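*Asks:* Generate coordinates for the entire structure from the input sequences, incorporating the hints supplied.
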Amino acid sequence: MTWSKLLTPNHCRSLWLSSSTSPPAEESRTSWRCCWGTGRYTHVQYERLGADVTMQCGAMDGDAAVTWTANGTDMDESQFNGSRLVLRSVDLTHSGQYACYEGSSWHLKYQTYLKVGTSPKEPVLMCRSNNYPKGFYCSWHLPSPTYIPNAFNITVMHGPRELVCEKDAFPKNRCHIRYLQLFSTVKYKVTLTVTNALGRNATTITFDEFAIVKPDPPENVVAKPVSNNPRRLEVRWQNPSSWPDPESFPLKFFLRYRPLILDQWQHVSDLSIAFTEGQGVGGKAGGLLGCRGPSLQPPPCLNSGVWGGNFCPPFLSLYPAHFSTGKQGGKEGRGV
Amino acid sequence: MASAEQTPVTLQHHNLCSRAILLAGKIRSDVASLLESYVERQGLDRTISLDSVDGVPRAAVEQGDELTEAERLGANLQAYWAFQVLLGEVLEEQRSHLTPLDTDFHASIQSVLLQVAALAYQLEELLALLGHGRPAWEAAGPEDPGHRSLFEMKLRGLKVLQELAHWTVRSVRDLRQVTKHSRGSGTAHRGQAQKE
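For the protein sequence lines, the chains are A and B, in the order given. Under UniProt numbering, read the first sequence as residues 1 to 336, first letter to last. Under UniProt numbering, read the second sequence as residues 1 to 196, first letter to last.
Read the hints as simulated data drawn from the structure, not as lab findings. None of the values given here were measured: they were computed from a predicted structure. Keep in mind that a hint or two might mislead.
Derived DSS-like pairs (lysine-lysine); straight-line CA-CA distance at most 25 Å [stated by the list, open to error]: (1) 214/A to 26/B; (2) 167/A to 187/A; (3) 134/A to 172/A; (4) 180/B to 134/A; (5) 189/A to 172/A; (6) 214/A to 167/A.
*Replies:* Here it is in structure tokens:
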């Protein structure tokens, strides 16, 4: 395969990124891109931040008289070495369209799009299950931008078995994996590789099935004063809709509250959603929230959730989840 | 819950399931603590691979595997029978070879062993109440305990505790499934009775 054979109007992306085979090393910093409507094909060149870059004017002799332009503007001859253009210690402002014209005829001899960037640093990768036992997702990002296009490849291994990670349409830096097994002690190993024209990097994380379980915040959190009892507040909430099986894997909730004049939070814990025919039962008694309900055995907590702060008035937070083996789970929770 | 709508057998079944669920949860909590002290005392890294350790019932199930009520309860019971034997071996190895002076540690293993025995008994009762036969007793793996190195003993003990921890989570799920199905069956029976 040669690059020229791939140059049709239908191949306008950086071809080396979409190719299943690696380009030759000397080609690794270049690609081809179509200019729609012009019928011309532009050479794209990737160079490392801080590097010295020399551009040849096509097949012109080394001492031929030429004119170089950058983004359509003539460049100063002090940057020429004969017919070559020399850019010292390039930075991001050097990115742009460079063209070389024969001195007298002004024939275009060479054109390239220079993109200055960096090789990728080690990516940041995390995985989480907010819908156990259905599956989990992994998401990633780069700690600093490279300023040039990057390609990401993720592999998920469960023992000897490779699992499929289905990429999300949006955001693009996330993919989903379905659990093929449950309650397995075999660890999951996820490797993310990021590659661009200037290099590659990778990271691997290993985790137990339960270690990444982290439910979403509770939904529809509402706090209302209790009539004729100004010292009491009724709080209602629901399981996160993303939690698929609260009966088999019930959630436990923690609630905290404070009068606005105080800085410290009071906590109400051990709130399981135990519900029969629409009624909710709270956790233990305490403070402004005089909760009542059955005392619960210490649950086998597997992981922590997040405070549902977005859903609460500023004096109230609902912390949505370990999952427990308390009493039967239900749909709606209420504390009074 | 209106008891008039439920038969005494159903109520007893629900009570047994609830008690078993709570006990499984308690075991899970105690094993989680025991695991922390185990790795510390044995000088192990929690991430060490235990794939080579055989003879420990694996909690893993294929997603979507639909088991009957009898199969679910039977698999759990067989596992806890095996864990009774395995925990006994772990305890003996700790007493005789690995941590002979650490009686507090032995007591915590013993406590878990007793709870596992209690859970096995509850599962036996539940199976009998539901009219299912007891599963066959399957002996542990072929490995001869006498030929284990000290390191192998340590790894095996860790494997036992890890799988036990995962079994308790599976047991809670399985018991809740059994409870859910029996509620559905109870509703069907009540409907049938009303028509008649």
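*Asks:* Confirm or reject each hint.
*Replies:* How the hints compare with the structure:
| no. | hint | verdict |
| --- | --- | --- |
| 1 | 214/A to 26/B | holds (21 Å) |
| 2 | 167/A to 187/A | holds (22 Å) |
| 3 | 134/A to 172/A | holds (21 Å) |
| 4 | 180/B to 134/A | holds (19 Å) |
| 5 | 189/A to 172/A | holds (21 Å) |
| 6 | 214/A to 167/A | holds (20 Å) |
No hint from the list above goes unmet by this structure.
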